[in-house]
Amino acid sequence: MSLLEVRHCTIRYQNGAPAVDDVSFNVEKGQIVSLVGESGSGKTTMIRAILGLLPPGGKVSDGEIILDGHDLLKLSEHEMEAVRGKDIAMIFQDVGLSMDPVRTVKNQYIEAIKTHESLNRKECYDKAVDMLKRMHLTDPNRVMNSYPFELSGGMKQRVGIAMGMTAQPKLLLADEPTSALDVTIQAQVVYELKELRDKYGATIILVTHNMGVASYLSDCIGVMKMSKMVEFGTRDEIVFSPRMEYTRDLIEAVPKMGGARFAK
Amino acid sequence: MPSNEIILKVEDVYKKFPVKKRTLHAVSGISFELFRGETLGLVGESGCGKSTLARMIAGSLPVTSGTITLNGVDYTKMKPKEFRKFRRNIQMVFQDPLSSFSPRMKIGKYICEPRINYDRVSKEEAMKEACVLLEKVGLPADFADRFPHELSGGQLQRVAIARAMAIDPRLLICDEATGALDVSIQNQIAKLLVGFIEEKNMGCLFIGHDLALVRSVTQRIAIMYLGRIVELINSEDLEKECAHPYTQALLGSVFDVYCDRSRPIALLTGEPPSPLELHEGCPFAVRCGNCTERCTREVPALEETAPGHSVACFNPVSR
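Line by line, the protein sequences are chains P and B. Numbering follows this note's numbering, with no gaps: position 85 of the first sequence is 85. Numbering follows this note's numbering, with no gaps: position 182 of the second sequence is 1182.
You may find that some hints are simply not true.
To be verified - Computed, partial: chain B to chain P, Cβ under 7 Å:
no., residue
1, 1039
2, 1184
3, 1190
4, 1194
5, 1212
6, 1216
7, 1253
8, 1257
9, 1267
Just so you know, these hints were derived from the structure itself, not from any lab. All values derive from a computational prediction rather than experimental measurement. From the three backbone atoms N, C-alpha and C, an ideal C-beta is built for every residue, glycine too.
If we strip away everything but chain P, and leave its shape as in the complex, we get:
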């Protein structure tokens, strides 16, 4: 059985035209699945719906989202709170913005752990430091005592991934986790995500517009265009033998190191 099944999911904002239209896909345990497509194609709406955190006015009007045999859409808000952060965690594009600027990382991290586990402060702290170490942050104690503005973009992103992974969620959702970063830092984050899967068996859904990153990390790729999933297949199918013209164009459009040059 798949870990996550999205079946014929349709999402609308204020009952307008669907932002996600009849989308279905499966995610197996231990897989990395990427959703790619242009901005406005509904990628982010799709994964926010899985987390049950659609922006105001957004509603799943049809379909099912099944995690481990339970339909998430049938859960009450209270039940969903227990799922969020424990079974499903999310990393945002700019972790810095999702953190409280006037509280230290330690303060926020411990609060996040306490929400889901009954540990004392010391145990929480040790757990947090352990997670930060796994993310290859060289001086976790300094990171813990820093305010978000004292950390670089790459460090914040790794703190975000560490926080998301602390409760060992069944499913990690990553919304453009590398987009705001420099190429060198992006490579570090990609490395951490890959290791999460290879070493700790995490299941990850990655939303990205960077085809290169999607191609490197993913087992399966879903291509979205104007609220529809136009193609879903294994990485090799999508990259090397796409069936849809749109997928072909999208891959064609990505600048490649050995590719054609416009300038003479």
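Chain P is fixed; fit chain B onto it per the hints.
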């Protein structure tokens, strides 16, 4: 095709910002030449001084020392009144189109403005020209009557290019001009820019972080690290010839669509040192695999190793 007429000459430019009692070294001794009809790429991590350099060349930020000359005229020491007239020679296209537009100004007026300001043409004539320009950048002429929020990011970027082209600048500076766009749109904008540069035979400075894209639209690329150019190389030779360890690390961080998934990621560990506390020696030494004792004492100068290829490194990668 670039000619061998030098259009822009940057000589030993420094920019220092006072930060409390310390000094932030944003740009430290940069020199390069740009030829007519040439596009030079400028790449490097955020905070390496790319945009500071661009702003100094655009004349919106004074230099601490050094000279910048356009067509033989040094404009770093010009009086503001004089510079106001000179400024038309340099135009910029920015990263985020929506925030560089006034939300209440219609597209047509936005394109007309420089022509009316600099050349004192009549409004009617400027508007006529604006419509021609709009069509030239691939937009319908009736867009002149729209507001910025009615256009998509790619369309706005076309308008920004149209405005920059309206007064025939000698130098165009694109600061991450395609950074905020989807890949499909990105290519169209890149092609449009290259077309204009060839047609008008001007110089262009193209700042970007996507190495593959920068390589595709430029003739030469300057790789910057902590306020210095560490390598200057022909775009075509980038992959095969690059010799600076930092350039290699940047190339290693690019994920190609057709990449081999079993290839381990070449990681550049650590962060660039703070520009507030410059250490002795090569700025890249702390993250460099080829670092020797000399690197921690002396700063390597940018030296030409082959025609069109300069490297600032004591132990360049050998091939």
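Legend entry - Violated hints, by number in ascending order, as checked against the structure: none
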